[in-house]
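Could you build the full structure based on these sequences and the hints that come with them?
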Amino acid sequence: MSDHLDCQQLLSSISDFVDGELNPELCRQIEQHLNECENCRIVINTLRKTIDLYQHQPGNQGLPLEIRQRLFHRLHLEEFLNHDPG
Amino acid sequence: MNGESIPETPLSLEALKKGDRHELARMVDLYSEKIYKLALKFTNNPQDAEDVLQETFLKAMRALPEFEGRSSLSTWLYRIAVNEALMLLRKQKPDLALDTAVQEEDSEEGISSNGLILADWCCLPEDELLSEESRRFLDQAIQHLPATLRGVFILRDLEGLSIKETAELLGLTETNVKTRLLRARLFLRQQLSRYFGERLKEWEQK
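As given, the protein sequences belong to chains A and B, one line each in that order. Under this note's numbering, the first residue of the first sequence is numbered 1, with each subsequent residue one higher. Under this note's numbering, the first residue of the second sequence is numbered 1001, with each subsequent residue one higher.
It is possible that some hints are incorrect.
[To be verified] Once the Cα atoms are required to be at most 30 Å apart in a straight line, the calculated BS3-like pairs of lysine-lysine come out as:
#, chain 1, residue 1, chain 2, residue 2
1, B, Lys1059, B, Lys1164
2, B, Lys1091, B, Lys1201
3, B, Lys1037, B, Lys1017
4, B, Lys1164, B, Lys1201
5, A, Lys49, B, Lys1206
6, B, Lys1037, A, Lys49
7, B, Lys1091, B, Lys1059
8, A, Lys49, B, Lys1059
9, B, Lys1034, B, Lys1017
10, B, Lys1091, B, Lys1037
11, A, Lys49, B, Lys1034
12, B, Lys1018, B, Lys1093
13, B, Lys1034, B, Lys1206
14, B, Lys1018, B, Lys1034
15, B, Lys1201, A, Lys49
Calculated from the structure, these hints are not laboratory results.
Below, the structure is given as structure tokens:
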């Protein structure tokens, strides 16, 4: 592989790059390209931010009670509804 | 799956396979919340997610006597749930081809730097990025992903499974998972860039 990476090559490796799954040589080439290319810097930063926003969605609180009730009825496990779901 | 909710007494696979109802109820309570949330991510619709939840446990209870334990119980349940969710989506949108587009999705062709939106919206304040409206947009954007890409993104980036686990669950090769993940992430980045790019303009005018 040539020492100089173009934007297209960077894009093909961008996902592995943000996951830290690329070999050190390719990482070095990407970082070198990023130093010189503002567009690719924006793409990589907004890609990271996109993943980050999705990963930090607020978790909800437990299974809604009515859904648990209907589930237990459907499975014919009604007699265990009063057990503490924990 | 991450071992967050370990029951006080571990589930007895032997009892489950024999159809012990008390043990089955414990299994349902242990995994129903995770499966419901997973289904909600796939469908973005509470009624559909509830259907997937119920079908998953109905199928699991029927199939348990033959469960061989080659994978863990949670992985096995996850696999049933993912299949149920994909089946439901297929039924609802048969035109949203799940298989015909696969070849294209597994090649790297079309991953092009042309047409990328280059708004640098990372600097938007947190309350803009995390607003209710933004959240809704994020959820909707996932629904616009082709179903083949959606499963990979949900399992890998939302559920935090590894590439290998995602590949096993979806019956794909690891290379295919990586390619689809790349496409899914670039697709969502583009959607979010369009949305937050607009917010950025408004914000800069303030």
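Going down the list of hints, with the structure as the test:
This hinted pair checks out: lysine 1059 of chain B and lysine 1164 of chain B have alpha carbons roughly 25 Å apart, not beyond 30 Å. Between lysine 1091 of chain B and lysine 1201 of chain B the alpha-carbon distance is near 40 Å, which puts this suggested pair outside the 30 Å criterion. Of the supplied pair hints, the one linking lysine 1037 of chain B and lysine 1017 of chain B holds, its CA atoms being roughly 26 Å apart against a limit of 30 Å. Proposed proximity of lysine 1164 of chain B and lysine 1201 of chain B is contradicted: the alpha carbons are some 40 Å apart, above 30 Å.
Pair hint lysine 49 of chain A plus lysine 1206 of chain B holds up; C-alpha atoms about 23 Å apart against a cutoff of 30 Å. Distance hint between lysine 1037 of chain B and lysine 49 of chain A is fulfilled; the C-alpha atoms sit about 23 Å from each other, no more than 30 Å. Using a Cα cut-off of 30 Å, the hinted pair lysine 1091 of chain B and lysine 1059 of chain B holds, with the two alpha carbons roughly 18 Å apart. Pair hint lysine 49 of chain A plus lysine 1059 of chain B does not hold up; C-alpha atoms about 38 Å apart against a cutoff of 30 Å.
For the hint pairing lysine 1034 of chain B with lysine 1017 of chain B, the CA-to-CA distance comes to about 22 Å; that is within 30 Å, so the pair holds. Distance hint between lysine 1091 of chain B and lysine 1037 of chain B is fulfilled; the C-alpha atoms sit about 20 Å from each other, no more than 30 Å. A threshold of 30 Å between alpha carbons decides the hint, and for lysine 49 of chain A with lysine 1034 of chain B the separation of about 25 Å falls inside it, so the pair holds. Distance check on the hinted pair: lysine 1018 of chain B and lysine 1093 of chain B sit about 38 Å apart at the alpha-carbon level, beyond 30 Å; violated.
For the hint pairing lysine 1034 of chain B with lysine 1206 of chain B, the CA-to-CA distance comes to about 42 Å; that exceeds 30 Å, so the pair is violated. A C-alpha spacing of about 24 Å is found between lysine 1018 of chain B and lysine 1034 of chain B, which places the hinted pair at or below 30 Å, so the restraint holds. Using a Cα cut-off of 30 Å, the hinted pair lysine 1201 of chain B and lysine 49 of chain A holds, with the two alpha carbons roughly 18 Å apart.
Hints 2, 4, 8, 12, 13, counting from the list given before, are not met by this structure.
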